[in-house]
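Asker: In order, the protein sequences belong to chains A and B. Numbered according to my numbering, the first sequence spans residues 4 to 355. Numbered according to my numbering, the second sequence spans residues 4 to 355.
Some clues are possibly wrong.
Where chains are identical, the list cannot tell them apart; a pair therefore holds if satisfied intra-copy or between any two copies.
[What the hints assert, rightly or not] Below, simulated DSS-like cross-link-like pairs (lysine-lysine); rule was C-alpha separation at most 25 Å, straight line:
| hint | residue 1 | residue 2 |
| --- | --- | --- |
| 1 | K228 | K158 |
| 2 | K313 | K93 |
| 3 | K83 | K313 |
| 4 | K93 | K54 |
| 5 | K28 | K158 |
| 6 | K204 | K275 |
Derived by calculation from the structure, the hints in this document are not laboratory data. Values in this document were obtained by computation on a predicted structure and should not be read as measured data.
There are 2 protein chains.
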Amino acid sequence: MDTIQSDNYPIFFENSIDELANFVKQGRYSRFFILTDENTAQHCLPLVKSKIEDQDNFDIIEINAGEESKDIDFCIGIWKMLIDFGADRKSLLINLGGGVISDLGGFAASTFKRGIDFVHVPTTLLSQVDASVGGKTGIDIDSIKNIIGTFTQPKAVFIELGFLDTLPAKQILSGLAEMLKHGLIQDANYWNQLKNSDLSKPSAELVHRSVAIKNKITVEDPHEKGIRKALNFGHTIGHAVETYSLINDKDHLSHGEAIAIGMICESYLAHKKTGLPAEELKEITDTLNNLYPRYTIHESSFDTLFEYMKKDKKNQSGNINCTLLTNIGQCNIDNICTEAELCESLLYYINL
Amino acid sequence: MDTIQSDNYPIFFENSIDELANFVKQGRYSRFFILTDENTAQHCLPLVKSKIEDQDNFDIIEINAGEESKDIDFCIGIWKMLIDFGADRKSLLINLGGGVISDLGGFAASTFKRGIDFVHVPTTLLSQVDASVGGKTGIDIDSIKNIIGTFTQPKAVFIELGFLDTLPAKQILSGLAEMLKHGLIQDANYWNQLKNSDLSKPSAELVHRSVAIKNKITVEDPHEKGIRKALNFGHTIGHAVETYSLINDKDHLSHGEAIAIGMICESYLAHKKTGLPAEELKEITDTLNNLYPRYTIHESSFDTLFEYMKKDKKNQSGNINCTLLTNIGQCNIDNICTEAELCESLLYYINL
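Excised from the complex, chain A in its bound form (with noise of 0.2 Å):
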């Protein structure tokens, strides 16, 4: 597997922690600190540490595991520990973990006294393709995804294959839906090599295509003006689906499991308005509906997921605005979608 050169940082996926040790070894930096979570720490940290031969220079940082964890009271933990344990403009952060790790990670070290290095070393399927390429950085306010962040690219990623053994199933589905969308947003093969295998484990293979796929699209458009948002396809309503559950349900929905709810309405809308063939709606919702666990929506809660679209980051002047496909492998940025059509879209993926 080749290394991806992306916008100035490079992203390993052969004997990664050995490249980690390497990095760390060259003599930039003044200290280390490492971000976990109790799984992480349980299951990766071990492999991480048992590479690194001056450990002395270490300190771990520990967080509870789980998307709770992404807003700003632990952010402030994080940035009191480093203040306490003496971290300076040298110092380096090293995200171990998975999308809540790089994120909130990601975001304190590039806020930490104006911005220190980090690098991401991603633990679940998630995080390889999704959050530890492309820059950005982000917390929840009020439960609101990602509304406070930046744009900050990290100094390297490490991603090591072997973690995904020890992932439970529900994890390896959340990461196999971001890499279902960049085969429908831009690589119609991709989409029918995925459809394909045996996703109960996707190979080196596939992780590494999607990666390039992801960092292609990011490098031509670091912040977000134009194609990047092709990224969001499926996490409109998505993103409010995986809102709602994660305030109403106690085991909440996974955000691939969201995005793919998200997907399936999404492909609904440009069936509707950017001519995505029936036969090519029907494809994608069955894929994904056989794929994914079946969420039970009630037409009650529309008006509560319709104020968590509406606080989307993509709107502008109120409008909400969505990523649909033209084709399977194509797609159209900033469609604007009304009420009507959005509760459509819904009442289409309940009566599935």
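Since the structure of chain A is provided, determine the placement of chain B on it from the hints.
Answerer: Positioned in the frame of chain A, the structure of chain B alone reads:
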């Protein structure tokens, strides 16, 4: 007074509030938010409002005046108000106030939805000659000044000298310290000109010259890798004294009062370490000591002051770094100073 062209943004000095009204009218933004405090709401907001034609699209966010507002809780408050008001990525935040407003507002804007545009309308001498130029944003955590922030440039700065007419003498003195610093680190002629001026109300020409000096340095080195550290002269000790006073004094030192003390102490260090001639040390000491009120520092507080200095952002690998003069008008960055040297310089101030 010529408009100064900074790194992609203009700094207006003439008819500045008219220029702001023009800027607002250009149609680049969907919504406008004015961040203000109770002082600027009373003294400055009426002029701004009188110039703006379409006021329906404006919302006011008012915070308490004072350094205490420059912390994460107020920042969260601003973020939540922006959410509640429905601010989108095409919104503009207008920071109408002193350094607290521009630092806090700049940080809130630079991180809201991963960054919305902002402009500064500085209303104090200090913010006109210092905070509004150069793209530093910041908030305090546990009274550690600017420990969290970003480097983000405003889209424009509107300097209205008329706002200085209502400022109390203490606030004029606060800004003056930064102006004197500009002369000391870079321009001996300007220092002499300042010494021979009526400093109770600095002229437009002097303000313009200070902004030009600060702008030239920050354009050359926006991220403070080198020459920008010159601007930290007086701030290693000055920030520690300021933090100490903020925590311990009811009527605490202004920023400039603390920096004046810092400049005296660091000039003493410069005499000892970087060859500042004795007669120039005396000239600096006498000038600052005559302009600024004396402040009582007890030797028993040296440990606390030293703890604050150790948290300074300029430090590396645990060493305390100072910018020191070599002559009036010239300086040298990255001088490591020991605890003993720093204490000696505080004793120099105490014994004046």
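Asker: Tell me the numbers of any earlier hints that the structure contravenes, in ascending order.
Answerer: Structure breaks hint 6 only.
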